[in-house]
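Visitor: Chains Z and L, in that order, are what the protein sequence lines are. The working numbering numbers the first residue of the first sequence as 1 and each following residue consecutively. The working numbering numbers the first residue of the second sequence as 1001 and each following residue consecutively.
Some hints here could point you the wrong way.
Okay, the calculated bits of chain Z under chain L, using three or more residues with CB under 8 Å as the criterion [claimed, not checked]:
(1) 22–36
(2) 83–89
(3) 152–161
(4) 191–203
(5) 431–438
Hints are computed from structural coordinates only; laboratory data are not their basis. Just so it is clear, CB atoms sit at the ideal spot from N, CA and C, and this is done for glycine as well.
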Amino acid sequence: MTPRTLFDKLWDAHQVKAETASTPGVLYIDLHMVHEVTSPQAFDELRSRGLKVRRADRTLATLDHSTPTLPPDADGKRPYYTKEAEAQVAKLEANVREFGIDLMGWDSPQRGIVHVAGPEVGATQPGMTIVCGDSHTATHGAFGALAFGIGTTEVGHVLATQCLLQRKAKSLAIHVDGALQPGVTAKDLILHIIGTIGIGGGTGYVIEYTGEAVRALSMEERMTVCNMSIEAGARAGLIAPDETTFAWLKGRERVPKGEAWERAVAAWRKLPTDEGAHYDREVRIDASSIQPSVTYGTHPGMVVSIHAPVPAAADAVEQRALDYMQVTAGKPMAGEAVDVVFVGSCTNGRLSDLQAAASILRGRRVADGVRMLVVPGSEQVRRDAEREGLHEVFRAAGAEWREPGCSMCIAMNGDLAQPGQLVVATSNRNFEGRQGKGARTVLASPLVAAASAVAGRVADPREYMTQEAAA
Amino acid sequence: MSQTSQPLTYVHSRTAVLRNENIDTDRIIPARFLTTTERTGLGKHCFEDWRYAADGSDDPAFPLNQPAARDCSILVAGHNFGCGSSREHAPWALLDYGIKAVISSEIADIFRGNSLKNGLLAIVLSEAEHRWLLDNPGVELRIDVAESTIRLPDGGTIRFELDAFSRHCLLNGVDQLGFLLQQQDAIAAYETLVEKAA
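Next up, chain L with everything else stripped away, as it sits in the complex (with noise of 0.2 Å):
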């Protein structure tokens, strides 16, 4: 839609890692927060029941708050990211919160398309891959949307696997919601064909 209409090319930056496998949507946004009717204004809110002490300040146990891992814009976390709750108000706080990309070796169907359709790339590797970024924090990574690659610090590249439709939304910052509206005519004459047959 309208929001993700800033063409996306490159994410460059350090990675932040959350090692735990299964985070859920409500990890991520807790319900309590869902009462908003904006899109805008949840990243104080990312992970709330993770990374703040009782006193409300940042919990240096959470790995988002140490030093090396503020202002990454890849995220690299644990197996089966972003399950449960279809909620999209999750790729809104990661993305408020500063997250361009995220990268799992797997990835929940509902948050991934909620994702993409928000400009949060959201990508999927081999474990072994996958592994060696867990094992490696604050590694410097330049994504490559046109490409599909991710280029690692010793010069050596991963491919990823990216939709055709998807990269191209994200490139070029279409709108789907405008690719739909263009498929009217289409849909009225399926609509008239079914309400025929009935």
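If we strip away everything but chain Z, and leave its shape as in the complex, we get (with noise of 0.2 Å):
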């Protein structure tokens, strides 16, 4: 048999129907998950051609986007930002009602952003296909699952059908070589893959990204990595199942068990891609002279190292990029003036993200007059980091402990940057105004955040590591 790559054993086990040169393929969709802001039209499109949802039992609800991080009042209000946030919430909550669907909703100790809460609860499985109306559903390609965003059309389809209509995208392997330096982490492998090839670097494949540094990730790590796929194009990301991803799915709500799990795990084993199988495209990347990236524009594509020069700008556009951000070409983005840090989001609002940024700021203040959000990706990591007792460290240092959402990231539920302020915020786009309306992103890992808000500038967060490895 021909040699076969991941994604070509997820692609054929899913077709219910091969795509010809006339049609699309019928690909079957084994999870569908779903938030508020992108099925409300979905769900009346259903309803108004009379249509069940075919498999409930597929399909996973949350509430993310619009909800307020703030505590409700004493009379049980949230504070949701406008009226119209309120009621998107109260619809999904009907709509789930109606269609007989699953909700991680208000009263579930569940509930979180949805590439947070879906593979905390185990609905998350090797080999799947799994599809959320949501670019970063990417993530889940970190458990070996094809699983990528779609429009809400495509949701409303999913639902009436399981199935999209889809052809097969081309496929690119990212083999990452070596080992990441201390104090360099997943968020700065991808921003520097992302970097290395480009804003649209992906755009018409689904990447695998293999080789020793990707081995060595942890789970959390491979979510980090494959959740940014979007930002280079790629709808998808993979990373192929190992013990690790095993030992981190066994015993979740949702996963197989008994027999049943070690039925799951042999046919999981066969998932990797074959020797000698054919990528459309391969890329090499060291990881170990990757240095500690963030973002100096206006795009993820747009990475330098910290301690790196900005480079000049090619073109009038990229200028521009600059002047919004009021950067400079040729100073490094280390020591740039800080307003907000934002910890949190569906690629780095995970317990050990929440760690990495508390191991710096134990026992540090954040710097005078600049406010820093920390905002757990769900229910379950704000359990294990109050467990912990990762929210003192975080108020003791002066920062905000919010409640789960997506938040600042894409901030549409109030949680915002004023015009002009520079954020340095550990979430995926820095796309003009996409914090707030005149806000300047930095993107940056949790560990350059954490350093960033104590120096109140821009900064490297190893002169803190160094500092308590000396202590």
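Please dock the two separately framed chains into a single complex, following the hints provided.
Guide: See the structure below:
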């Protein structure tokens, strides 16, 4: 048999009908995750056609984007940013009742950002196809699942038929050799990769991340890497499942138990790319050369090592990006004055991310004039962090400890920066106005974010880590 | 879906040009307008943070506010249009604004798929063809969906790639959900096969 890639195997296993020259393939979807922002029009479409949800048991909803991260008042009223946000959440609550879908809602101890909570409950498993009306669905590829974002029309397609009309993408292997240095994280790795292949470098491709440095990543780190595949234009990012994957999943609520678990693991072991399989394109990255990295412009492909000079603008558009960011070509990002620090999001809102930020903040203070927001990715992350006392570390340092949600990553719930403010953010997009009109975003790891909060300037976390090691 | 049931055969218009590369979907429709539960009415917020001055009036510096660009239904945009968020609100906003076709040298995958499902033509041209259109704003084009061609003012034509299924759906107003619903038997057979194997 022809050697196949992980992507080939996932694709082949979900073909209800193969694609032809005149029609796309019909691809079966194992798990459909739903949130309040991209689903209401799809449910309306089902209602207008008198359709049911074909597989409510393969559909899982959560509340994350429009939800406030401040607690309810004494009367239990949640501080929604707008009436529309509140109505949108109420609409999803009504839709899941009407169509019989599980919701990790306000009363659930499992509620969280869709790409944090889904894996936590074990809904995300190797070998699956997973979609959501959300481009960061690529996150779930960390488990060896083919996971990608879709639009609202397609949300309707999956609700009604559990299928999508799809043509197969091309495959891009990114081999990461060597090992990441101390203080250099999965976030720095993916920023470096996007900076290398470019913001459109993955358009038309599904990426598979392979190599020694990828194998060494924890599941949470793998999710950080796959999460940002879309920032290079790739709809999906994949990492082959291995012992790290199985150990992380075992015992979670929605994964198979007992003998069924053993059978599932045996099947998952067959998923990794066969020796000699063909990729349409391959790129090699040397992990040991990567430094803590940040963005300097207005898209996630404008990446630079923290101490390296910001590159000169190649054209008027890049110059406009530098002007918007108020950064100067030839100067490094380290030292740029910071107004706001945001730790959270589906990229870096998991327990290990909060532990990393806390390791810098412990016994230190957020600099005067800097506002720092720490937003756990889910209720589970919040509980785990509070059990370790991380919330006390953040509060003692002067940071705000919030309730779970997308928060300032997409800034549609009222958590936003003011015009002109510079935000060091652990999220995934630094587009103009993404974190508030006129706000300037610098994407960074939780370590860089915490170090920058303490310094009041974009800062290298290794300076703080060295002090600790010396003490 | 039912919104695409209007057949689209030709788009005939002068072009409006946004030269910027990497125009992301946050730029097309900022996230704060995503709390809507409707598909309609987003046109007034299309390019919101780019097109209005601080006092809410039209910013004359925004290229689409220039008199020659008004009422154009073909948008020629810089490389990698529609990157970022998967929000279908982006093509909804463009359509509601009056855009019927977007042309670039690269268009992000999710945005392109969303657009075609809503009857917004998303056309990728070679760099040279794209460069010429960027450098000649306001030219009158006639886009023929059936032929997959763009007729230039001098009578020349440019061919573009449009997959057969998308073309069929656009020309006939065919609704893709209807097509999928016709596959129910195959879907049920697949489910039986897979669940038996598990």
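Visitor: It remains to establish, for every hint, whether it holds in the given structure.
Guide: Evaluated hints:
Here the stretch 22–36 of chain Z counts 5 residues with a CB under 8 Å from a CB of chain L, which clears the bar of 3, and the coverage holds. As drawn, the stretch 83–89 of chain Z meets chain L at 4 residues by the rule of a beta-carbon pair under 8 Å; at three or more, the given contact holds. For the stretch 152–161 of chain Z, the stated coverage by chain L holds: 7 residues have a C-beta nearer than 8 Å to a C-beta of that chain, and at least 3 were required. Restraint check on the stretch 191–203 of chain Z versus chain L: 3 residues with Cβ-Cβ distances below 8 Å, three needed, restraint holds.
Proximity of the stretch 431–438 of chain Z to chain L, defined as three or more residues with a beta carbon under 8 Å from a beta carbon of that chain, is established by the 5 residues found.
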